[in-house]
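Trainee: Residue strings, one per chain:
Number of protein chains: 2
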Amino acid sequence: MKKYTEMTKEELEALKKELLAKYKEYQAKDLKLNMARGKPCVEQLNLSMGMMDVLSAGSDLTCDDGTDCRNYGVLDGIHEAKVLLADMMEVGVDNIIIYGNSSLNVMYDTIARSMTHGVMGSTPWARLDKVKFLCPVPGYDRHFKITEYFGIEMINVPMTPNGPDMDMVEKLVSEDESIKGIWCVPKYSNPQGYSYSDETVRRFARLEPKANDFRIYWDNAYTIHHLYDDKQDELVEILAECKKAGNPDMVYKFASTSKISFPGSGVSVLASSLNNLEDIKKQLGIQTIGHDKVNQLRHVRYFGNINGMKEHMRKHADILRPKFEAVLEILERELGGLGIGEWTKPNGGYFISFDSLDGCAKDIVARCKKAGVEMTGAGATYPYGKDPHDSNIRIAPSYPPISDLIVAAELFALCVKLSSIERLLSK
Amino acid sequence: MKKYTEMTKEELEALKKELLAKYKEYQAKDLKLNMARGKPCVEQLNLSMGMMDVLSAGSDLTCDDGTDCRNYGVLDGIHEAKVLLADMMEVGVDNIIIYGNSSLNVMYDTIARSMTHGVMGSTPWARLDKVKFLCPVPGYDRHFKITEYFGIEMINVPMTPNGPDMDMVEKLVSEDESIKGIWCVPKYSNPQGYSYSDETVRRFARLEPKANDFRIYWDNAYTIHHLYDDKQDELVEILAECKKAGNPDMVYKFASTSKISFPGSGVSVLASSLNNLEDIKKQLGIQTIGHDKVNQLRHVRYFGNINGMKEHMRKHADILRPKFEAVLEILERELGGLGIGEWTKPNGGYFISFDSLDGCAKDIVARCKKAGVEMTGAGATYPYGKDPHDSNIRIAPSYPPISDLIVAAELFALCVKLSSIERLLSK
Chain X
136 MKKYTEMTKE
146 ELEALKKELL
156 AKYKEYQAKD
166 LKLNMARGKP
176 CVEQLNLSMG
186 MMDVLSAGSD
196 LTCDDGTDCR
206 NYGVLDGIHE
216 AKVLLADMME
226 VGVDNIIIYG
236 NSSLNVMYDT
246 IARSMTHGVM
256 GSTPWARLDK
266 VKFLCPVPGY
276 DRHFKITEYF
286 GIEMINVPMT
296 PNGPDMDMVE
306 KLVSEDESIK
316 GIWCVPKYSN
326 PQGYSYSDET
336 VRRFARLEPK
346 ANDFRIYWDN
356 AYTIHHLYDD
366 KQDELVEILA
376 ECKKAGNPDM
386 VYKFASTSKI
396 SFPGSGVSVL
406 ASSLNNLEDI
416 KKQLGIQTIG
426 HDKVNQLRHV
436 RYFGNINGMK
446 EHMRKHADIL
456 RPKFEAVLEI
466 LERELGGLGI
476 GEWTKPNGGY
486 FISFDSLDGC
496 AKDIVARCKK
506 AGVEMTGAGA
516 TYPYGKDPHD
526 SNIRIAPSYP
536 PISDLIVAAE
546 LFALCVKLSS
556 IERLLSK
Chain A
136 MKKYTEMTKE
146 ELEALKKELL
156 AKYKEYQAKD
166 LKLNMARGKP
176 CVEQLNLSMG
186 MMDVLSAGSD
196 LTCDDGTDCR
206 NYGVLDGIHE
216 AKVLLADMME
226 VGVDNIIIYG
236 NSSLNVMYDT
246 IARSMTHGVM
256 GSTPWARLDK
266 VKFLCPVPGY
276 DRHFKITEYF
286 GIEMINVPMT
296 PNGPDMDMVE
306 KLVSEDESIK
316 GIWCVPKYSN
326 PQGYSYSDET
336 VRRFARLEPK
346 ANDFRIYWDN
356 AYTIHHLYDD
366 KQDELVEILA
376 ECKKAGNPDM
386 VYKFASTSKI
396 SFPGSGVSVL
406 ASSLNNLEDI
416 KKQLGIQTIG
426 HDKVNQLRHV
436 RYFGNINGMK
446 EHMRKHADIL
456 RPKFEAVLEI
466 LERELGGLGI
476 GEWTKPNGGY
486 FISFDSLDGC
496 AKDIVARCKK
506 AGVEMTGAGA
516 TYPYGKDPHD
526 SNIRIAPSYP
536 PISDLIVAAE
546 LFALCVKLSS
556 IERLLSK
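First to last, the sequence lines map onto chains X and A. Residues in the first sequence are numbered from 136 upward in steps of one, following my numbering. Residues in the second sequence are numbered from 136 upward in steps of one, following my numbering.
The set of hints was computed from the structure by calculation and includes no laboratory data. Do not rely on the hints blindly, as some may be mistaken.
The list cannot tell twin chains apart, which means a pair is met if one copy fits it or any two copies do.
Claimed, not checked - Quick list of in silico lysine to any residue cross-link-like pairs, SDA-like style, CA-CA up to 25 Å: (1) K306 <-> N291; (2) K417 <-> D276; (3) K280 <-> L150; (4) K280 <-> L409; (5) K152 <-> Y207; (6) K417 <-> G253; (7) K137 <-> K167; (8) K366 <-> L263; (9) K417 <-> R172.
Starting from the given sequences, assemble the full structure and let the hints guide the process.
Mentor: So, in structure tokens, the structure goes:
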């Protein structure tokens, strides 16, 4: 295969003509496909339907400690659910609070509380002239939207296959007291599927932030979301590591069962030090009497324990793996060796990250759209929606049926080729 | 019956001796009873157990419009749940947002958002020198805790059987731009069980607040929570009335199904003008992807429609009515005509409000506690926990079995007598 960058103008023009004809064929098909959203597919949702049967009209909804799950009370979660989710979080049962249906909501509320009430007695951020967050890029758009909404200035930190550029992180947080946090998706990161190396986690735990209300926002969204049995990324556990490093209060760890049971009808969880949890519960007790304990119990009765949950995740993997592999096969077949794009090959999570030639991402996404394939908006993986290189595109293979996915991925590859040729011809 | 206030010192001393002997008998019983919390009892919870059966592993969890309730999406609630809850709220289906499991949480978030982002473009309250709320008293402690948490100054407004003192409300809101809201439980108020008169609601709708971000926080917690078939309080609908009065955006109306289905596992709802909802959704879309749609669907499939829900509430009433009547009978029998206390006789809701002689409430609650009966803390019904007369006590008859309730109410009456005598003797 000849690299596009090594082709003559004439060769590129000829190729463009050929590819445009193909593109028109796709347009004629009137496609309506979607590779934009990290949503489980119907087959995945079906995996958890048994959960609808574990509680019935004849069930006793009483907890081991006598708590009636049907009534008010229990601010931080029923004990048996804490056991299950503490195991999922790889922390002690006392180190967690179980919340409602959305970990995003927990993250939002964490920032909102810091704005109005500070962190463990610090000055409320709303009273400060400037508050900043570090944002490993590319990253998760909904993280960035939260900090943007609260007027927090976001600073890009480049991601590497081992995690964020830690030299930069260490330098910035030790120098600037206005830096109050960093967004992390440490395992199977969104969108690259990278997992932080042991060294990265240890350097995180040993940060020496200038701000004593600096916290690491550790969104462990894909903690047991492996694609393979034999290739599983494992992380050094950050809470234990922070404690060891003398920074016990420096991290909030978030997760939910959204991509384990049902998105929007699962349970979410926050893990942190006892000091942080005490601080948080002061606010939480004002905000609510408690979260949905019946749903907590439903999850416990369905999964039983962490092993049941991990077994369940194998079934998710069996559905997702062929989809990831189909996309990766097409990218390799269509774009391998052409020098016009690179992509990640994750062992878990929900996304593949694609990097085009600089200045092509928006155009690629627009071309896909015109032919009926919806991609995540170019730029979405960067704070303020601004990708400085206009090159990153997030591919979400989970939702479409595999037959659709193949068509969508092939069209995507075609659009990458066309955009790249235009770009090379315009130089 | 001779009034205590008309007794001689000698008569009071003799009575005191007799009552103290009775009190010691109660203490010897080693009671552990609770009239503190507005919690449904086990029999009430059992009423909704059928809800555990409406969805099963074989169910189709698809909405009428094709939405799969098991997946991400739908920020403001599924359509069929909106229909059900709009009817409960007595507003149009477009005028509501369905939230998670707790209306308290919705109220908290509403204040939190106003603090950081203002109301429909107004200055964020956190940036103002002073923010004040009007608090009809006695009222709901958890309302007051929210405003206290955010440093909002609370101004007491006396309640009457027709609602808050509207002369005072009208004067204050028209003069003071720092007054941004008023907490209302308009129907079967907490703790008095009063319902606002038509005139009160109309005067609310016609308020002319100096602050354009002033809102009425209309917590319609007991909207269909009647005790009787033939004595039901009905309210003029506030959203429609505000619209008619040219103040369409002046009210947020809150409710939930906590005391209809399961406390903590129900669905909550906010009703307001389209302008307010648009403003709120801008924030809500940052905070979450959506609330628990499976639980919304569960409620729809169980209740069917508002008539099914009202029928269900009759069963609650059948359980609660004898409890309220037992307490009221004891209060009348033990305290009627003695001139040492007054109490309300509500047609619905969860509470009876008791007013002792000034300066007795704390002592009464303490005496009850020493004999094993837990009451709501004296003062809890006032902002900052400060009842200026130390006279109001909230009685919650719903939770204990009726046999316990009778013992607890009789002990309570005894403690009222003892405290009153002490008070009269100390003058």
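Trainee: Is it within, between, both or neither when you check K280 against L409 at 25 Å Cα-Cα?
Mentor: Between copies only: 24 Å across chains, 29 Å inside a chain, cut-off 25 Å.
Trainee: Taking 25 Å as the upper bound on the Cα-Cα distance, should K417 and R172 be classified as within, between, both, or neither?
Mentor: So K417 and R172 pass the 25 Å test across copies only (20 Å; inside, 36 Å).
Trainee: Under a CA distance limit of 25 Å, which applies to K152 and Y207: within one copy, between copies, both, or neither?
Mentor: For K152 and Y207, the Cα distance exceeds 25 Å both inside one copy (67 Å) and across copies (41 Å).
Trainee: Indicate which option fits the pair K306, N291 if close means a Cα-Cα distance not exceeding 25 Å: within, between, both or neither.
Mentor: Within. Shortest intra-copy distance 14 Å satisfies the 25 Å Cα cut-off; inter-copy 52 Å does not.
Trainee: As a check of your reading, is K417 near D276 (CA-CA no more than 25 Å) within one copy, between copies, both or neither?
Mentor: between (30 Å within a copy, 16 Å between copies)
Trainee: Cα distance capped at 25 Å. Does K137 pair with K167 within a copy, between copies, both, or neither?
Mentor: For K137 and K167, neither the intra-copy (32 Å) nor the inter-copy (85 Å) Cα distance is at most 25 Å.
Trainee: Checking an output row: K280 and L150, CA cutoff 25 Å. Within, between, both or neither?
Mentor: Intra 40 Å, inter 69 Å, cutoff 25 Å: neither.
Trainee: How would you classify K366 and L263 at a CA-CA limit of 25 Å: within, between, both, or neither?
Mentor: neither (46 Å within a copy, 55 Å between copies)
Trainee: Treating 25 Å as the Cα threshold, decide for K417 and G253: within, between, both or neither.
Mentor: both (12 Å within a copy, 24 Å between copies)
Hints 3, 5, 7, 8 from the list above are not met by this structure, while the remaining hints are.
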